[in-house]
Amino acid sequence: MYIGKVKVSNEWESLEDLIQAQVDGQSSFEFADSTTYQLQGEGPIGVRMASASSKPDSDDEGERIFGTQVAIYEKDSGTLYVKAEQNSPNGQLLKISQLG
Amino acid sequence: MSLRILNTVYLGKATPGTGGGSGGGSHNLGYYVDETALTTAHPTANAGDFAIVGSTDTIWIWDDDTSAWVDSDTKGQVESVNGRTGVVTGVQDSATISTVSAATLTQELANNTIYDCGELTALTITLPATINADWACQVNFTSGTTPTALTAPNTIKWKGDDLTSSVFVPVASKRYAVLFFYDGVNVRGIVQGIA
Chain D
0 MYIGKVKVSN EWESLEDLIQ AQVDGQSSFE FADSTTYQLQ GEGPIGVRMA SASSKPDSDD
60 EGERIFGTQV AIYEKDSGTL YVKAEQNSPN GQLLKISQLG
Chain V
0 MSLRILNTVY LGKATPGTGG GSGGGSHNLG YYVDETALTT AHPTANAGDF AIVGSTDTIW
60 IWDDDTSAWV DSDTKGQVES VNGRTGVVTG VQDSATISTV SAATLTQELA NNTIYDCGEL
120 TALTITLPAT INADWACQVN FTSGTTPTAL TAPNTIKWKG DDLTSSVFVP VASKRYAVLF
180 FYDGVNVRGI VQGIA
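Order-wise, the sequence lines are chains D and V. Numbering that gives the first Met the number 0 applies: residue 0 is where the first sequence begins, and numbers increase by one. Numbering that gives the first Met the number 0 applies: residue 0 is where the second sequence begins, and numbers increase by one.
Hints should not be assumed to be uniformly reliable.
As the list claims (entries may be wrong) - With a straight-line cut-off of 27 Å between C-alpha atoms, the simulated DSS-like cross-links for lysine-lysine are:
(1) V:K173 <-> V:K156
(2) D:K94 <-> V:K12
(3) V:K158 <-> D:K4
(4) V:K173 <-> V:K158
(5) D:K54 <-> V:K12
Claimed, not checked - Partner residues aside, some chain V positions facing chain D, computed with beta carbon under 10 Å:
(6) Y9
(7) L10
(8) G11
(9) K12
(10) H26
(11) A94
(12) I96
(13) S97
(14) S100
(15) V186
Unchecked claim - Beyond 10 Å from chain V on every Cβ pair, some chain D residues (computed):
(16) E12
(17) D16
(18) Q21
(19) S27
(20) S50
(21) E73
(22) D75
(23) G77
(24) L92
These aren't lab readings, by the way, just hints derived from the structure by calculation. Idealized CB from N, CA, C, for every residue including glycine.
Bound-form chain V, shown alone:
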């Protein structure tokens, strides 16, 4: 079993050292395939030493009280040091939050974006020309006493609250959260409205 260690961050004096010893920043003894490999390489260690074991995908800590390696059951997350070595994979940045203060919004929905709107009189959305498999976004808005007029591509497959003939039609005086994502064939719009 291989360990996917993604992008560990080292702060202060901590470094991704591979040596032993008890000095500052050198407690990390590195990566070992399994417990046997670890204990063979380091039958003894110093208080504070730790290592990553691939067979358990966890961090092992040297227990000075029992003079033995102990599986901390703490999962590692990172394969390379942030900005130093290795390939960072599987890490997605936080969504971009676009705050909308206008009363109307005409918007091509961008990937990984949350459109956080106030009360909208009109909402017109379009879809990007190219949509990847991981495309998703969210639109939050309030439909006032006069319902928000929604214009959206008829290719969107809607599910959730306030659907008329399977098409989302906002009603008055509700706060909506609409999640859009691509299932590989269709763009889906999942609607939740709270009065």
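With the rest of the complex left out, here is chain D:
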């Protein structure tokens, strides 16, 4: 199930917060337990992702995807933070879908 698309900036931000702020009808969105989500980039600049208890301090934490590469995410005890690898005027687009 397609959830929506968000613009990811060059700063670490909670993906839940971005979805709540940017996707119509998802102002209360939270990742559900035992549910798998697909995160897919759009555009040439990579998106870095980290599941952590607090906002990462450094730019190279977590995992990164390039182009239209896919990440599979299932909620754990942390918060999923995302950031674009580089500054971009329009941000980097990230598409979020629920696989089940």
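Once you've looked at the hints, dock chain V against the given chain D.
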């Protein structure tokens, strides 16, 4: 048809599991050559289960409402788990951005690099001794009221704005973006200048 799955990233509890079941992190039922192989191996599944089908190069999702596999038409991208197994191919790192604050730049152009310059009075570029087929780079700079003095190898084949006798000569008061790439025979320089 084979599926090129390149470097899937798993986050949180998600894992590249191959088993069934509805528990956390085990919804991925793995890779199947075609729909028949998938439905034979898993005639039924649990809500949230998904699998990769090679014949369609897509992810198939178990639809609990209709008790059937549904082609999500979502392309997979990755063949191995990042840093875990498999061979990562076809993935190119983001370009290196080199910010230049000096008024002059003398530079051997490095592959996959963007030289982001301010106003330059002089720009001298050289080419690497060895250039591979995938070599490319970009130079962005501003030519001020006194035009930037450009010195470049005469082997570069220029195309675009502000060419004099087929050679790029920056004019005053323009912002230039110059893309350099190798076509297998020549290095080309594609110029766009905006006043």
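Hints and how they fare:
1. Between V:K173 and V:K156 the alpha-carbon distance is near 21 Å, which keeps this suggested pair within the 27 Å criterion.
2. Our distance criterion of 27 Å between C-alpha atoms is met by D:K94 and V:K12, whose separation comes to about 19 Å.
3. Taken as a hint, the V:K158 and D:K4 pair is broken in the structure, with Cα atoms around 38 Å apart against an allowance of 27 Å.
4. Among the hinted pairs, V:K173 with V:K158 is consistent with the structure: their alpha-carbon atoms are about 17 Å apart, no more than 27 Å.
5. Of the supplied pair hints, the one linking D:K54 and V:K12 holds, its CA atoms being roughly 18 Å apart against a limit of 27 Å.
6. Because the closest C-beta pair between V:Y9 and chain D is about 5 Å apart, less than 10 Å, the hint holds.
7. A distance limit of 10 Å between C-beta atoms decides the matter here; for V:L10 the minimum to chain D is near 4 Å, and the interface restraint holds.
8. Checking V:G11 against chain D by beta carbon gives a least distance of about 4 Å; that is within 10 Å, so the hint holds.
9. Contact between V:K12 and chain D, as hinted, is supported at the beta carbon level, the nearest pair being about 4 Å apart and thus within 10 Å.
10. Given the 10 Å rule on beta carbons, the hint for V:H26 holds: about 5 Å separates it from the nearest Cβ of chain D.
11. Given hint, V:A94 at the interface with chain D, holds; its Cβ is 9 Å from that chain's nearest Cβ, closer than 10 Å.
12. Of the supplied interface hints, the one on V:I96 holds, with its beta-carbon coming within about 7 Å of a beta-carbon of chain D, less than 10 Å.
13. Given the 10 Å rule on beta carbons, the hint for V:S97 is violated: about 13 Å separates it from the nearest Cβ of chain D.
14. Annotation: interface hint on V:S100 violated; nearest CB of chain D at approximately 17 Å, more than 10 Å.
15. Violation of the interface hint for V:V186 is found here, the shortest Cβ-Cβ separation to chain D being roughly 22 Å, above the 10 Å cut-off.
16. The beta carbon of D:E12 sits about 15 Å from the closest Cβ of chain V, which is more than 10 Å, so the claim that it is off the interface holds.
17. The claim that D:D16 is not at the interface with chain V holds, since no C-beta of that chain comes within 10 Å of its own (minimum 16 Å).
18. No Cβ of chain V comes within 10 Å of the Cβ of D:Q21; the nearest lies about 20 Å off, and the non-interface call holds.
19. For D:S27, the condition that its CB be more than 10 Å from all CB atoms of chain V holds, with the nearest at approximately 20 Å.
20. With a closest Cβ-Cβ approach of about 5 Å to chain V, D:S50 is found to fall inside the 10 Å limit, against its non-interface label.
21. For D:E73, the non-interface assignment is contradicted: its Cβ lies about 4 Å from the closest Cβ of chain V, within the 10 Å cut-off.
22. Listed as outside the interface, D:D75 is inconsistent with that label: its C-beta sits roughly 4 Å from the nearest C-beta of chain V, within the 10 Å cut-off.
23. A Cβ of chain V approaches the Cβ of D:G77 within 10 Å, the least distance being about 7 Å, so the stated non-interface status is violated.
24. Distance check on D:L92: its Cβ is at least 15 Å (rounded) from any Cβ of chain V, clearing the 10 Å threshold; non-interface status holds.
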